[in-house]
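J.: Okay, here's what each chain looks like letter by letter:
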Amino acid sequence: MSEYHAPLADIRFVMQELAGLDQVVALPDYRDATPDVVDAILEEAAKFAGGVLAPLNRAGDTDGAKWQDTVVTTTPGFKEAYRQFVENGWNSVSCDPEFGGQGLPRLLATAVSEMWKAANHAFSLCPMLTQGAIEALTIAGNEQQKAAFLPKLISGEWTGTMNLTEPSAGSDLAAVRSRAEPVGDGTYRVFGQKIFITYGEHDMADNIVHLVLARTPNAPEGVKGISLFVVPKFRLQADGAPGERNDVYCVSIEHKLGIHGSPTAVLAFGDHGGAIGTLVGEENRGLEYMFIMMNSARFNVGLEGLGDAERAYQRAAAYAKERIQGTELGVRGGPKVPIIKHPDVRRMLLSMRSRIEAMRALAYNVAAAQDNARHNPDQQARQEAQAFADLMIPVVKGWSTESAIDIASVGIQVHGGMGFIEETGAAQHLRDARITAIYEGTTAIQANDLIGRKIAREKGVTIKAVIDRMLVDAARLDGDLESIGIRQMAAIAALDRAVDWLVANFAADPKAAHAGAVPFLFLLGITAGGWQLGRAAVIARAKIAAGDKDPFWPAKLATTRFFAAHSLTQAPGLAEAILSGGDGALAMADDSF
Amino acid sequence: MKILVPVKRVIDYNVKARVKADGSGVDLANVKMSMNPFDEISVEEAVRLKEAGIATEVVAVSCGVAACQETLRTAMAIGADRGILVETDADLQPLAVAKLLKALCDKEQPQLVICGKQAIDDDANQTGQMLAALQNWPQATFASKLAIADGKATVTREIDGGLETLVISLPAVVTTDLRMNEPRYATLPNIMKAKKKPLDTVKPADLGVDVTPRLTTLKVVEPPKRSAGVKVADVAELVNKLKNEAKVI
Chain L
1 MSEYHAPLAD
11 IRFVMQELAG
21 LDQVVALPDY
31 RDATPDVVDA
41 ILEEAAKFAG
51 GVLAPLNRAG
61 DTDGAKWQDT
71 VVTTTPGFKE
81 AYRQFVENGW
91 NSVSCDPEFG
101 GQGLPRLLAT
111 AVSEMWKAAN
121 HAFSLCPMLT
131 QGAIEALTIA
141 GNEQQKAAFL
151 PKLISGEWTG
161 TMNLTEPSAG
171 SDLAAVRSRA
181 EPVGDGTYRV
191 FGQKIFITYG
201 EHDMADNIVH
211 LVLARTPNAP
221 EGVKGISLFV
231 VPKFRLQADG
241 APGERNDVYC
251 VSIEHKLGIH
261 GSPTAVLAFG
271 DHGGAIGTLV
281 GEENRGLEYM
291 FIMMNSARFN
301 VGLEGLGDAE
311 RAYQRAAAYA
321 KERIQGTELG
331 VRGGPKVPII
341 KHPDVRRMLL
351 SMRSRIEAMR
361 ALAYNVAAAQ
371 DNARHNPDQQ
381 ARQEAQAFAD
391 LMIPVVKGWS
401 TESAIDIASV
411 GIQVHGGMGF
421 IEETGAAQHL
431 RDARITAIYE
441 GTTAIQANDL
451 IGRKIAREKG
461 VTIKAVIDRM
471 LVDAARLDGD
481 LESIGIRQMA
491 AIAALDRAVD
501 WLVANFAADP
511 KAAHAGAVPF
521 LFLLGITAGG
531 WQLGRAAVIA
541 RAKIAAGDKD
551 PFWPAKLATT
561 RFFAAHSLTQ
571 APGLAEAILS
581 GGDGALAMAD
591 DSF
Chain X
1 MKILVPVKRV
11 IDYNVKARVK
21 ADGSGVDLAN
31 VKMSMNPFDE
41 ISVEEAVRLK
51 EAGIATEVVA
61 VSCGVAACQE
71 TLRTAMAIGA
81 DRGILVETDA
91 DLQPLAVAKL
101 LKALCDKEQP
111 QLVICGKQAI
121 DDDANQTGQM
131 LAALQNWPQA
141 TFASKLAIAD
151 GKATVTREID
161 GGLETLVISL
171 PAVVTTDLRM
181 NEPRYATLPN
191 IMKAKKKPLD
201 TVKPADLGVD
211 VTPRLTTLKV
221 VEPPKRSAGV
231 KVADVAELVN
241 KLKNEAKVI
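Which chain is which? The protein sequence lines are L and X, in order.
Counting in the working numbering, the first sequence runs from 1 upward without gaps.
Counting in the working numbering, the second sequence runs from 1 upward without gaps.
Just chain L, with the same shape it has in the complex:
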């Protein structure tokens, strides 16, 4: 029952038909990624996810990481699985070939990554954080730092961490107090305490490369005075091998609601004279580098939501086909049937499945945009792709993770009483998914970024262009797809209304705009997800008309119809909430709460 089968049919369909795989692999630098290679990679990743990572998921939950005297021991089996993961080259899918990566498209890496996350969320965080460190060093590291760290991080022999949060600096990073003092030889001594450091200490790799935000002496107050440092757990010897232990120690790990297999460390830097590190990029620009990197981290957390949701769905669907309870409605004296025959169980399963398919389609489109933003030879195409990705990343993050929490909760509901019992395994997905709406920026942080930086600042130029694309595609939902088309059009109109209101009111009434930020993020998520499913439905209709008998196509039409009836119909209501300008939320006196 804890099996995970990667949904390769939908993954292939979304890559090929909705995200433009052919166009992506034709980009310069991606010529090795021919369709048959892409297919072989998906197959093998699915095997590895199902055969190696998924069986460890439950152990990660029940027998999580342990801390003793600054040493962290991971769940039995994690270390071996990590070694195999690294030896098989999975750590380097989309990394730079110059430093040993495979240089494959982000779109493909996204599909593969979804499988790791669905198979074992807690495990997948380790390579994800390494990926973040790789990106930070690629963006801002000097040649020496790149040569010293990138090959080992890309191969996965060493892992990476992101040290941002401090006890008094969470969402507000301006409050970072850790400090870095120049030694005089180009290195710095780093002092301070960092919390919530994912895989900040573990036993799976030979070295851990910490990227740390800290202030240099006399740095300006606030966000403009934060610099980025690279501080390895073991300082590097002249030959580059790990040497002397650096002054950074794990003083405890957190007891959490979920992702127990992932050690969340409290790290003490410099309690014994200072942790030696080097400056990454220029002084006082640390936050800026972090934000470039954070886009990809946020996107990845969105994929975690997708992964948790998929796993919850697979478990619930399997249970619903197996659990016999009651007779079928309208069949008098009939036999006892599996609960999948009951209308509300079907409603629950489809509410899970249709949203998952919408989330996947949107996320993979954003991945393809990231590929185009980097590699499209045409400058305008690059800019448009970047703008689309920037706009949608907070949506992939915020909407997919909040949806995943609900989907995992519905997954428990499908199980009835057994869902509340831990042995069933359904509860783990809810507990694991719960963090995704919090870390790498809470949903509110995503929503604020969306309405502020991504929409109001540019007066809605990008989103209006996206709305135009949505309208073109929605117009194809005619004939027998008209009921979908009508709801899609209504959702787009609601979105358009909300965008106009935000652009008009953001500066004049920022509090009202921000009170509607999260509803707006959901509105955009639902409408964009419906947009992609609508495109899928048009393709499915054409395939069926051409005589294709694959049951995938009628299923796609069913999920799209369900999404239109149950999700797209929420869009006008969300627009109402936004346009109400924060009525209620802002009106009530603090003391009345």
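For the record, the hints were derived by calculation from the structure and aren't laboratory data.
Don't take every hint at face value.
[To be verified] Listed below are the simulated BS3-like cross-link pairs for lysine-lysine, each with C-alpha atoms no more than 27 Å apart in a straight line:
1) X:K145 to L:K47
2) L:K321 to X:K16
3) L:K341 to X:K219
4) X:K196 to L:K47
5) L:K543 to X:K20
6) X:K16 to L:K543
7) X:K203 to L:K549
8) X:K20 to X:K225
9) L:K321 to X:K225
10) L:K47 to X:K195
11) L:K79 to L:K66
12) L:K341 to X:K225
13) L:K47 to X:K32
14) X:K225 to X:K16
15) X:K197 to L:K47
16) L:K549 to X:K32
17) L:K543 to X:K195
18) X:K32 to X:K219
19) L:K549 to X:K219
[Claimed, not checked] Covered stretches of chain L, going by a simulated chain X footprint (3 or more residues, C-beta under 8 Å):
20) 36 to 45
21) 90 to 99
From the three backbone atoms N, C-alpha and C, an ideal C-beta is built for every residue, glycine too.
The hints should help you fit chain X onto chain L, whose structure is shown.
T.: Okay, now just chain X, sitting in the frame of chain L:
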């Protein structure tokens, strides 16, 4: 030493096979296909022999439709050096495949052919034996262990009574059983490299082999549904039923 490994593209072991409505065969439309699991074990064993310095080249062969190329790429991702596709849309039966393999053995001159003991689609369990007979080579079937030294293969076979060890002279045919090894997961770099390995395509006619089916399938039906059991009052009744109704003792 060169090793030839035949690999067959079959319905995936996870897929529940369904019979076509007209009873003419198993429905393969929109069904996931992959390498026969026994053949995967054969490829793994051959690659291990190469890694141990015993084999010098591993050649994977597949007979069938153009899509068998994927199966060959899978074999090359595990570590086979090159692939040969004998391309045909014909319905291939074990004797035809054995003849095709014989023709390739004559051409390639391998010292060892490692086949899966059977394919999970038709479960015929014939091709390896037929090939050995056609070549007049020794054979060791259902192997769970294989060691090569001094021009001989020492093969541990799984038989009904336990294990049997044979020593056979090379060249020879060995067919693999499930417990011989556990096939590896292909690595990402090897999947990429597999694409660049040579893959030759030949037709049965090029090899001078007539692949016309010798057997005719009359009808394919699903196995009968299991009917409900009965409770017996005592051992005497059980023995009586086994003797007189089931006629198994």
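J.: If a hint holds in the structure, say so; if it doesn't, say that too.
T.: The hints, checked one at a time:
Our distance criterion of 27 Å between C-alpha atoms is met by X:K145 and L:K47, whose separation comes to about 25 Å. Of the pairs offered as hints, the one joining L:K321 and X:K16 holds, with about 16 Å between alpha carbons and a cut-off of 27 Å not exceeded. For the suggested pair L:K341 and X:K219, the alpha carbons sit about 34 Å apart, so the restraint of at most 27 Å is broken. Pair hint X:K196 plus L:K47 holds up; C-alpha atoms about 22 Å apart against a cutoff of 27 Å.
About 22 Å separates the Cα atoms of L:K543 and X:K20, which keeps this hinted pair within 27 Å; it holds. With a C-alpha separation of about 24 Å, the suggested pair X:K16 and L:K543 falls inside the 27 Å cut-off, and the hint holds. For the hint pairing X:K203 with L:K549, the CA-to-CA distance comes to about 31 Å; that exceeds 27 Å, so the pair is violated. As the CA atoms of X:K20 and X:K225 are separated by approximately 17 Å, the hinted pair is consistent with the 27 Å bound.
Proposed proximity of L:K321 and X:K225 is supported: the alpha carbons are some 19 Å apart, at most 27 Å. At roughly 19 Å between alpha-carbon atoms, L:K47 and X:K195 fall within 27 Å of each other, so this suggested pair holds. Distance check on the hinted pair: L:K79 and L:K66 sit about 13 Å apart at the alpha-carbon level, within 27 Å; holds. Between L:K341 and X:K225, the direct Cα distance comes to roughly 22 Å. Compliance with the 27 Å bound is thereby established for this hinted pair.
Proposed proximity of L:K47 and X:K32 is supported: the alpha carbons are some 14 Å apart, at most 27 Å. Our distance criterion of 27 Å between C-alpha atoms is met by X:K225 and X:K16, whose separation comes to about 15 Å. Between X:K197 and L:K47 the alpha-carbon distance is near 23 Å, which keeps this suggested pair within the 27 Å criterion. Straight-line distance between C-alpha atoms of L:K549 and X:K32 comes to about 14 Å, which keeps the hinted pair within the 27 Å bound.
For a cut-off of 27 Å, the pair hint linking L:K543 to X:K195 is broken: about 30 Å separates their Cα positions. Of the supplied pair hints, the one linking X:K32 and X:K219 holds, its CA atoms being roughly 23 Å apart against a limit of 27 Å. Between L:K549 and X:K219 the alpha-carbon distance is near 23 Å, which keeps this suggested pair within the 27 Å criterion. For the stretch 36 to 45 of chain L, the assignment as covered by chain X holds, since 7 residues bring a beta-carbon within under 8 Å of that chain's beta-carbons and 3 suffice.
Residue count for the stretch 90 to 99 of chain L with a Cβ under 8 Å from a Cβ of chain X: 3. That meets the three needed, and the coverage hint holds.
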